[in-house]
Amino acid sequence: MNILGISAYYHDSAATLVRDGKIIAAAQEERFTRKKHDSNFPANAVKYCIAEAGIAGHELDAIAFYDKPITKFARILETYMGVAPKGLESFMMALPIWLKEKLWIPLQIEDSLAECGVEMPDNLYFPEHHESHAASAFYPSPYQNAAILTVDGVGEWATSTIGHGQGREIRILKEMRFPHSLGLLYSAFTYFTGFKVNSGEYKLMGLAPYGEPKYVNEIYDHLLDLRDDGSFRLNMDYFGYLSGLTMTNDKFADLFGGPARAAESDISQREMDLARSVQVVTEDIVLKMATHAKEVTGEKYLCLAGGVALNCVANGRLLREGPFEDVWIQPAAGDAGGALGAALIAWHMVEEQPRSADNKNDSMQGSYLGPNYTDEEVEAFIHARGYKARKLSNDEWAPTIAKVMAEENVVGLLQGRMEFGPRALGGRSIIGDARSKKMQSTMNLKIKYRESFRPFAPSCLEERVSDFFEQDRPSPYMLLVAPVKKERCIGLESTDTVPIRDRIHQIRSDVPGITHVDYSARIQTVSHDTNPRYYDLIKAFEDLTGYGIVINTSFNVRGEPIVCTPEDAYRCFMRTEMDYLVLGSFLLSKDEQPEWSEQKDWREDFVLD
Amino acid sequence: MAEFEQNQVSKTTWNWTASEDEDVAQKTTSHSHKKVLITTPIALGIAFFVYRVLQHTTMACIIVGISLFIAFSAFVMPSVYRSIDGFFQKLAHWIGIGMTWLLLVPAFFILFLPGRIFFLLRGKDPLRLKLLPDESSYWIPHPGVTREEHYRRQH
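If you read the protein sequences in the order shown, they are chains A and B.
Counting from 1, position 135 in the first sequence corresponds to residue 135 in our numbering; the numbering is continuous, with no gaps.
So our numbering is basically just the index in the second sequence, starting at one, shifted up by 1000.
One chain only, chain B, in its complex shape:
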């Protein structure tokens, strides 16, 4: 059968001519290589800082050792690298969640509780929760704005 060439729509939506497994494996490998090429120099920089500024040789050696091992595993032992990477990702995730709660819980009470108390004291109903037996309709008129400026704004 003659060589078949995909059209643009098909190339964009259905890349069946390339092996999916190979494609994913290639992307993953290339991604992990890029990652260690960025993180290893940063870790070595930190080690240098620890050694020169903090004058802590042992800690600097540990950092260098760990970072070089991770870099080595990314190129030579991908499965080991995946485990290490997975561990750090989980750790980062949980640190992120902890930080989020630490920052946002006070923010929630500082921002919203006074506002709520203010509305209650003023007898306001910002969410229109009250039922209105005397009103014949709950429809609200819409301003019906159609100027270009209306469509350019995000609000």
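In isolation and in its complexed conformation, chain A is listed as follows:
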């Protein structure tokens, strides 16, 4: 049975194909259209999923859309009813889009599928938004039974839910409702500190270690009323998103000593302190919610999804201090993952098909669920375009790339299937030597063209994780932050005397490229089972240098979606100061490439995030 899952019309639209319970393909539309967070119907992703499954357009058995549009519309109308006569401007922005497309989802899907050459099946399902998140967290997880926590901005009404997964069944037990939302609280601070809502949240998280938690009391005293079980209500006097077009209002600005930071202006200590403060509050709330989920379900394991589940600092703390033996987080925890959850609900809940789990291995296949391009095709492409490349044999591939990395070169890596979710995990990555003292600033300023405070993440051999970090278990999806091992840290003892902001350019460990200013790192562990080539590369690097760890950042520049095809990768390679590019088995050196020119400034193609 072929089930197509779709998420669309809000942000990060995506499609996924599940066949008899197995995930065959999944991809975000932005990767194909090259438009970050593309919210349009995922026509390209659908076509890809159908092609990857090798089925004809009439062979789909069911479609599952990731939320209930009419309930969402009712929530929007009720909100206006609750705030009128305020809210006119927001109403004028929202209603035309609803009337034009969002109210007619079945027709929209049918028309869009027809354009893709796909026949609409008889079965169309609409799980709730948070059911889709819960399903994306529980069904692919390793656990037979688990508590489920979903936390995001808002779905229909729910903003957070606690659920219980048992075998093939998921039951949502409790929910918190709009406008009281941890995701929206975090987004409000994202907005106030000058970053873009729905894309800049991870920057706020990266900024937090530079600040002090000065405003925690203000947040608790004025912005929310928190209960011991993690539930809360926001004081909406301070927020603008109910009736206006901004997340916060003047009262919020008065509380935090002035107006919101203008985008792209200098970041002051206030923004750093605000980032740290809301991060502390977020972690506290997530911990309390998880503790309550444990009390309610009595389970040993927790599954996590929703946009807030991408807060890997909170995840790390949850793992270390929380009540669960282990936590599994959906790598596509945001709305894109809803497409996967919806399809899996159709299989397990509607079709009542059994599910198997061994409490050890998940079924995400490393999240490598996107397209792959063969060496034959890469060779034909390189030849057709007149690029210079060297084909590496299987034996020389890993040692050769490891050698150029050890010489402090920056390498663009495209190999195997593309990742599903916001993280690059060695399929579409830019990699470098984590020991290098200059690598962080080189990558930020010359390759990614982004803010200099942004940290980079490590990919390390799974069996070496506890050699480098205070962590004893795998983190295959880069969703956990843990401290760098104490004995590797430099200057840790002087952290009380040197202001944290002044430590940005200090060498903090023997792997400075991945050690954040607070001596933490967002870890990806690499296993031979899920990505053998990437594993071999890091192993070769270890053989050469003694370090089974490399810097890994997504293969894109600021504002650009992660590359998908070899052509995207080559373009990004030539536009930046990367030194080498790996396309499958081919190694391309920047020095040998023909001169690159473009008719217009390519930066205009991307809206800064």
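None of these hints come from the bench; they were simulated from the model.
All C-beta atoms in this analysis are idealised placements derived from N, C-alpha and C, irrespective of residue type, glycine included.
Incorrect hints may appear among the rest.
Unchecked claim - From the derived model, a few chain A residues whose C-beta atoms are all more than 10 angstroms from chain B:
(1) Asp111
(2) Arg227
(3) Gly298
(4) Glu321
(5) Leu544
Unchecked claim - Simulated crosslink set (SDA-like; lysine to any residue; CA at most 20 angstroms straight-line):
(6) Lys1130(B) / Asn249(A)
(7) Lys438(A) / Glu451(A)
(8) Lys1011(B) / Ala380(A)
(9) Lys486(A) / Arg473(A)
(10) Lys438(A) / Ala406(A)
(11) Lys1130(B) / Ile382(A)
(12) Lys1130(B) / Lys388(A)
(13) Lys214(A) / Leu226(A)
(14) Lys86(A) / Leu1121(B)
(15) Lys100(A) / Gln1089(B)
(16) Lys388(A) / Trp1016(B)
(17) Lys100(A) / Lys1090(B)
(18) Lys448(A) / Glu598(A)
(19) Lys102(A) / His1155(B)
(20) Lys1011(B) / Thr33(A)
(21) Lys86(A) / Leu1111(B)
(22) Lys446(A) / Asp579(A)
(23) Lys1011(B) / Ile382(A)
(24) Lys539(A) / Glu462(A)
(25) Lys1130(B) / Glu78(A)
(26) Lys388(A) / Phe1004(B)
(27) Lys1130(B) / Asp221(A)
(28) Lys1130(B) / Arg75(A)
(29) Lys1035(B) / Leu1068(B)
(30) Lys251(A) / Leu1129(B)
(31) Lys1124(B) / Met236(A)
(32) Lys86(A) / Leu1127(B)
(33) Lys388(A) / Ser585(A)
(34) Lys86(A) / Arg1116(B)
(35) Lys100(A) / Trp1101(B)
(36) Lys35(A) / Trp1016(B)
(37) Lys1124(B) / Arg75(A)
(38) Lys1011(B) / Arg34(A)
(39) Lys100(A) / Lys1130(B)
(40) Lys446(A) / Pro512(A)
Since chain A is already given, all that's left is putting chain B on it; use the hints.
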């Protein structure tokens, strides 16, 4: 090198064998041709109506002249056609915005303001905005519906 043939996944996601610029240009041209083949007969029909029913020969001639010029430019002077098309699209956009405000502003106040007043008079809190110091939890029980019918509904 032997002729390379793309597999289905690659054909679907990466059409590198066709020139992108040519592809876009071809699509744009074909789209504009289709558009004038639809709009020109409509404009000529309007001109005929103006001439026969309203008996306004000059206006009918102006409409015919403009529509034929636009059709001609689509086939012979694409850059001129693009400018004309751009102008009409902007005009349509602003007319659309004007119409939207004209219709939706009254709708907003007619639909929502009485409801809001009703809630205020009845002391209702539909958005649960009030803080509840006596409640130990803000969690709300979820009905936990799992029947197939639940998944088939959009609400």
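Going down the list of hints, with the structure as the test:
1. No beta-carbon of chain B comes within 10 angstroms of the beta-carbon of Asp111(A); the shortest separation is about 17 angstroms.
2. For Arg227(A), the non-interface assignment is contradicted: its Cβ lies about 5 angstroms from the closest Cβ of chain B, within the 10 angstroms cut-off.
3. A cut-off of 10 angstroms between C-beta atoms confirms that Gly298(A) is not in contact with chain B; the least separation is 17 angstroms.
4. Residue-level check passed: Glu321(A) sits 21 angstroms from the nearest beta carbon of chain B, beyond 10 angstroms.
5. Once the 10 angstroms rule is applied to beta carbons, Leu544(A) is consistent with being away from chain B; the minimum gap is 33 angstroms.
6. For the hint pairing Lys1130(B) with Asn249(A), the CA-to-CA distance comes to about 19 angstroms; that is within 20 angstroms, so the pair holds.
7. For the suggested pair Lys438(A) and Glu451(A), the alpha carbons sit about 15 angstroms apart, so the restraint of at most 20 angstroms is met.
8. Taken as a hint, the Lys1011(B) and Ala380(A) pair is honoured in the structure, with Cα atoms around 14 angstroms apart against an allowance of 20 angstroms.
9. Restraint check for Lys486(A) and Arg473(A): the C-alpha separation of about 17 angstroms stays at or below 20 angstroms, so the hint holds.
10. Pair hint Lys438(A) plus Ala406(A) holds up; C-alpha atoms about 13 angstroms apart against a cutoff of 20 angstroms.
11. Simply put, Lys1130(B) and Ile382(A) have alpha-carbon atoms about 63 angstroms apart, too far for the 20 angstroms limit, and the pair is violated.
12. Pair hint Lys1130(B) plus Lys388(A) does not hold up; C-alpha atoms about 66 angstroms apart against a cutoff of 20 angstroms.
13. Between Lys214(A) and Leu226(A) the CA atoms are separated by roughly 18 angstroms; this keeps the pair inside 20 angstroms, and the hint holds.
14. At most 20 angstroms may separate the alpha-carbon atoms for a hinted pair to count; Lys86(A) and Leu1121(B) meet this at roughly 18 angstroms.
15. With a C-alpha separation of about 18 angstroms, the suggested pairing of Lys100(A) with Gln1089(B) holds against the 20 angstroms cut-off.
16. Of the pairs offered as hints, the one joining Lys388(A) and Trp1016(B) holds, with about 17 angstroms between alpha carbons and a cut-off of 20 angstroms not exceeded.
17. For a cut-off of 20 angstroms, the pair hint linking Lys100(A) to Lys1090(B) stands: about 19 angstroms separates their Cα positions.
18. A C-alpha spacing of about 19 angstroms is found between Lys448(A) and Glu598(A), which places the hinted pair at or below 20 angstroms, so the restraint holds.
19. Restraint check for Lys102(A) and His1155(B): satisfied, since their Cα atoms lie roughly 13 angstroms apart, inside the 20 angstroms limit.
20. Distance hint between Lys1011(B) and Thr33(A) is fulfilled; the C-alpha atoms sit about 15 angstroms from each other, no more than 20 angstroms.
21. A C-alpha spacing of about 13 angstroms is found between Lys86(A) and Leu1111(B), which places the hinted pair at or below 20 angstroms, so the restraint holds.
22. Our distance criterion of 20 angstroms between C-alpha atoms is met by Lys446(A) and Asp579(A), whose separation comes to about 11 angstroms.
23. This hinted pair checks out: Lys1011(B) and Ile382(A) have alpha carbons roughly 17 angstroms apart, not beyond 20 angstroms.
24. Distance restraint check for Lys539(A) and Glu462(A): the Cα-Cα separation of roughly 11 angstroms lies within the 20 angstroms cut-off, and the hinted pair is therefore satisfied.
25. Note on Lys1130(B) and Glu78(A): the hinted pairing holds, with a Cα-Cα distance of about 16 angstroms set against a maximum of 20 angstroms.
26. For the hint pairing Lys388(A) with Phe1004(B), the CA-to-CA distance comes to about 18 angstroms; that is within 20 angstroms, so the pair holds.
27. With a C-alpha separation of about 15 angstroms, the suggested pairing of Lys1130(B) with Asp221(A) holds against the 20 angstroms cut-off.
28. Note on Lys1130(B) and Arg75(A): the hinted pairing holds, with a Cα-Cα distance of about 18 angstroms set against a maximum of 20 angstroms.
29. The hinted pair formed by Lys1035(B) and Leu1068(B) meets the criterion: a straight-line CA distance of about 13 angstroms does not exceed 20 angstroms.
30. With a C-alpha separation of about 17 angstroms, the suggested pairing of Lys251(A) with Leu1129(B) holds against the 20 angstroms cut-off.
31. Between Lys1124(B) and Met236(A), the direct Cα distance comes to roughly 16 angstroms. Compliance with the 20 angstroms bound is thereby established for this hinted pair.
32. Only pairs whose Cα atoms come within 20 angstroms are accepted, and Lys86(A) paired with Leu1127(B) is accepted, the gap being roughly 14 angstroms.
33. The straight-line distance between the Cα atoms of Lys388(A) and Ser585(A) is roughly 13 angstroms, inside the 20 angstroms bound, and the hint therefore holds.
34. Under the criterion of a C-alpha separation no larger than 20 angstroms, the hint pairing Lys86(A) with Arg1116(B) is consistent with the structure, at around 10 angstroms.
35. For the hint pairing Lys100(A) with Trp1101(B), the CA-to-CA distance comes to about 15 angstroms; that is within 20 angstroms, so the pair holds.
36. Our distance criterion of 20 angstroms between C-alpha atoms is met by Lys35(A) and Trp1016(B), whose separation comes to about 19 angstroms.
37. A C-alpha spacing of about 16 angstroms is found between Lys1124(B) and Arg75(A), which places the hinted pair at or below 20 angstroms, so the restraint holds.
38. Note on Lys1011(B) and Arg34(A): the hinted pairing holds, with a Cα-Cα distance of about 17 angstroms set against a maximum of 20 angstroms.
39. Between Lys100(A) and Lys1130(B), the direct Cα distance comes to roughly 34 angstroms. Violation of the 20 angstroms bound is thereby established for this hinted pair.
40. Only pairs whose Cα atoms come within 20 angstroms are accepted, and Lys446(A) paired with Pro512(A) is accepted, the gap being roughly 18 angstroms.
Checked against the numbered hints given earlier, this structure breaks hints 2, 11, 12, 39; the rest are met.
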